[in-house]
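Number of protein chains: 2
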Amino acid sequence: MAERTDSDTTRRSERSRRAIYDSALELVGETGYGKLTIEAIAAHAGVGKQTIYRWWPSKADVLLEAFLDAAGRAADEGGGAALPDTGDIVADLRTVLRATVDEFNDPVFEAPYRALAAEGIANAGLGAEVTAKILEPRLRLFEQRLSAAAEAGQIASDVDPRMAVELIVAPLAQRWLRRTGPLDHIYADTLIDLALRGIGPRRV
Amino acid sequence: MAERTDSDTTRRSERSRRAIYDSALELVGETGYGKLTIEAIAAHAGVGKQTIYRWWPSKADVLLEAFLDAAGRAADEGGGAALPDTGDIVADLRTVLRATVDEFNDPVFEAPYRALAAEGIANAGLGAEVTAKILEPRLRLFEQRLSAAAEAGQIASDVDPRMAVELIVAPLAQRWLRRTGPLDHIYADTLIDLALRGIGPRRV
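Line by line, the protein sequences give chains A and B.
According to the numbering used here, the stretch in the first sequence is residues 1 to 204, in order.
According to the numbering used here, the stretch in the second sequence is residues 1 to 204, in order.
Hints listed in this document are in silico derivations from the structure and should not be mistaken for laboratory results.
All values reported here derive from a predicted model rather than from experimental measurement.
Each hint should be verified, as a subset may be incorrect.
Pairs count within a copy or across copies, as identical chains cannot be separated in the list.
[As the list claims (entries may be wrong)] No more than 20 angstroms apart at the CA atoms, straight line, and that leaves these computed lysine to any residue pairs for SDA-like:
{"no.": "1", "residue 1": "133", "residue 2": "179"}
{"no.": "2", "residue 1": "133", "residue 2": "181"}
{"no.": "3", "residue 1": "59", "residue 2": "34"}
{"no.": "4", "residue 1": "133", "residue 2": "182"}
{"no.": "5", "residue 1": "133", "residue 2": "61"}
{"no.": "6", "residue 1": "35", "residue 2": "65"}
{"no.": "7", "residue 1": "49", "residue 2": "136"}
{"no.": "8", "residue 1": "133", "residue 2": "180"}
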């Protein structure tokens with residue numbers, strides 16, 4: 001009987017947690033981060049606000065975990081977190097960057113990440129967490145794929161892998177965050193081409 | 001006499017405006033954008049808050065104008081807004097990107113711009129203004145310099161100038177805003193080198 005009760009509690013907790021995550025992600029898209037409150041998340045999720053405060057110290061923590069949970073489930077559905085490796089770095093980068101463009105154009109994904117990025121830019125403490133938990137793992141996946149490409153002779157071997165990654169992902173991220181231009185598949189393809197060839201004069 | 005009074009009023013207004021700008025820039029660095037208030041700016045500047053509301057509808061507008069005013073004065077001191085053109089694009093980009101690194105490492109410059117960037121990322125309306133008034137004019141200066149370099153055969157002529165600019169400035173901006181790595185002159189030089197050569201395999 002004790003066991004049965006424990007598992008009921010676990011199931012209820014899990015249901016509450018899921019409802020809190022869903023509510024945080026949905027509400028931040030509707031109201032923006034500034035107007036998001038623990039009270040509103042609790043009301044929307046149908047739990048008491050003490051339930052939220054018992055698990056998370058602030059709305060930033062709720063939203064960050066909710067986002068990581070959703071991203072983790074999306075990665076599982078997509079067959080894991082590693083970048084594709086078909087042996088063709090250009091094709092693989094196109095696949096990944098086009099998918100990134102699609103994510104940045106999807107309000108369900110982009111609204112909470114935009115809110116976390118903006119708040120992390122303003123507040124160094126949260127920013128360190130957002131960078132460490134969302135951005136850095138992503139950059140490392142690119143680094144690994146580019147290192148494999150360097151070994152295969154498809155990427156210059158004398159380039160710092162981290163700087164190579166930033167050359168590819170930062171322009172796309174800037175267009176998204178600062179809304180400086182169109183963000184579509186053609187842009188993704190052109191960016192990859194440009195990062196590989198560079199903007200210097202063409203050698204003939 | 002009427003003329004004298006007008007000019008006194010103008011001088012007082014100008015003094016108030018300057019005090020409001022200085023206060024906005026100073027306070028945002030101390031308290032962050034979220035806790036910045038018109039009341040605090042007014043108290044710090046020694047003016048009534050109605051004086052501020054008469055000139056600007058919101059704290060975002062005060063801060064944006066204060067930043068643009070400071071940036072404009074800095075550009076005047078530096079001999080104008082155009083990028084240097086010594087005829088050597090690599091040397092000129094190094095000069096400009098090193099100066100940008102110095103600005104991003106200077107709390108007096110970077111605190112208000114970081115606050116405006118973060119708030120603009122979260123709020124599309126302010127973001128459009130920040131991008132149009134701060135970021136876009138800067139990108140256009142780079143575009144002009146790169147176009148001159150393309151004509152001189154120092155930059156590939158088949159590259160979209162806007163994408164070329166983003167390849168250079170976005171990685172630096174990302175390091176600054178997301179705090180993903182060191183931001184120093186060596187980084188600036190390496191970034192320029194990488195953007196010019198690309199990360200693709202070296203042709204021999």
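Quick rundown of the hints versus the structure:
no. : hint      : in the structure
1   : 133 / 179 : between (24 angstroms within a copy, 13 angstroms between copies)
2   : 133 / 181 : between (27 angstroms within a copy, 15 angstroms between copies)
3   : 59 / 34   : both (10 angstroms within a copy, 15 angstroms between copies)
4   : 133 / 182 : between (27 angstroms within a copy, 19 angstroms between copies)
5   : 133 / 61  : within (12 angstroms within a copy, 33 angstroms between copies)
6   : 35 / 65   : within (19 angstroms within a copy, 25 angstroms between copies)
7   : 49 / 136  : neither (32 angstroms within a copy, 43 angstroms between copies)
8   : 133 / 180 : between (26 angstroms within a copy, 12 angstroms between copies)
Violation of the numbered hints given earlier is confined to hint 7; every other hint is satisfied by the structure.
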